[in-house]
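Work the whole structure out from these sequences, hints included.
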Amino acid sequence: MELTAVLILAYFALLFLTLRGRSRVIQGPWLFFLRAFFPNWKFFHAVGHVPHVYVRGESAGVWTDWHLVYPRLRRRWHHVFHNPAVNLALSHQNLVDHFASDLNGLPDGADASQLATYQLVTRLAHQAIRGDGWGSTPMIDAALPPVQRFQFELRMELPEPAHSELMLRSPELAVWD
Amino acid sequence: MELHTAVRAFMALLGWSLLLQTLEFWRLLRMDRVGSWSIQRTEVPARPAWVRPLLDQVLQGSGYQGLLILRLVLALTLLAGWVHVSSALLLFVTSVLLLFRWRGAFNGGSDFMTLVGVSGLLIAQGVASITGEAEQGWRAGLWYVTVYVVSSYFVSGWVKLLRPEWRSGRAMTIFLDGGVYGPLSPHSVYRHPTVARLVSWTFTVWEGCFPLALFDVRIAWFMCCVAPVFHFLVYWYFGLNRFFWAWLATYPAVLYCALG
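Residue numbers (my numbering), protein chains in the order written: chain L, 1 to 177; chain S, 178 to 437.
Keep in mind that the hints were calculated from the coordinates and are not lab data.
Note that the structure is predicted; figures quoted are calculated from it, not measured.
Just so you know, even glycine gets a beta-carbon here, dropped at the ideal spot from N, CA and C.
Treat each hint with caution, since some may be false.
[Said to hold, decoys possible] Derived, one-sided and incomplete: chain L residues facing chain S with beta-carbon distance under 10 Å:
1. Ala5
2. Phe32
3. Pro39
4. Met167
Below you can see the structure in the form of structure tokens.
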């Protein structure tokens with residue numbers, strides 16, 4: 001067997017062994033931004049709790065129900081070439097995932113509102129309650145009246161068996177222009 | 178595959194993928210009202226002191242538009258078959274800047290694989306300019322891309338095969354229900370446990386066996402012909418169109434590097 005083939009075999013054998021073991025998580029602000037240089041390629045590998053954002057708004061002193069902000073869009077054939085709305089929606093759900101991760105990493109008693117992810121998720125909730133959408137698809141699946149204040153929750157949810165756990169509830173916040 | 182053909186196909190497909198991505202970013206200039214650089218910049222480390230001011234210039238307003246236009250031009254030149262070490266370096270730098278704009282990744286794995294392609298291009302041009310041997314440069318660049326892309330399938334397949342929820346097929350149904358174009362209809366064929374198990378095993382074993390492509394060029398052709406179908410299905414159910422093009426751009430490298 002030629003040397004190249006041996007090297008290829010050795011590399012993938014080593015890679016397989018690393019998958020079997022527990023890997024250490026190395027974190028840092030630079031690594032966060034440059035993590036694309038160290039991809040782990042573990043897509044959709046584990047079923048578990050998924051962080052979901054819910055919003056509600058207050059209109060004329062009455063609070064609406066809680067509404068899930070989660071990307072659900074209609075498929076189109078041309079989306080394989082140009083799909084900005086779906087990709088934006090997916091990036092927003094990715095932001096929610098990072099927010100949940102940041103909250104988990106906060107020390108007890110720390111102020112979550114200082115997190116950049118908290119502030120960005122606040123903007124997401126604000127846009128959702130104001131009727132904004134991903135392209136032409138509203139972020140929440142309900143038509144709401146104009147609201148003066150809003151509030152959002154982060155819940156960790158398991159699809160099967162259905163289970164929901166509140167992780168954070170924001171204070172009541174005023175909408176802005 | 179002959180080196181010349183592989184290089185030409187790689188450049189064209191990478192250029193096409195970058196073009197589509199950049200046009201989407203351009204559209205998002207108006208569509209994204211959640212992202213805010215004034216908030217995101219606080220996550221960038223304060224040291225070295227020149228980083229934040231530099232990013233302020235290029236990741237908002239006209240600076241960001243200029244960055245996208247530059248990337249668009251570079252993608253078009255690549256598509257046309259022209260590349261130089263300076264254009265490869267510019268493409269690499271714009272890719273890194275975009276990582277900061279989108280908090281490390283806009284679209285996860287597709288950004289990672291695009292960066293692999295752009296890095297491969299830079300390696301090819303860098304090695305060629307240092308050694309004066311264009312062929313040697315391209316060999317280095319294409320092997321770099323190949324190692325990453327084959328590893329991506331191998332890892333992605335085996336991490337699933339090692340988990341009971343994937344082996345039973347249950348995970349696939351759960352993820353399809355959570356997909357952007359989901360949930361599955363109540364009568365979907367994927368809700369049948371046997372079908373879900375069969376489909377899960379089929380594509381995870383196919384992914385896990387992808388390194389075999391390196392040992393025989395016929396296997397490489399088979400893998401690279403099946404792969405677009407796989408990625409199209411991923412797009413169809415999860416909306417991940419960028420994955421389709423980012424991975425497609427790497428197959429000429431695999432076909433070139435396959436032994437025999």
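Status of each hint after checking the structure:
1. Ala5: This interface hint holds because 6 Å falls under the 10 Å limit.
2. Phe32: holds, 5 Å
3. Pro39: Constraint on L/Pro39 satisfied, holds at 4 Å.
4. Met167: Hint on L/Met167: violated, closest Cβ of chain S at ~18 Å, above 10 Å.
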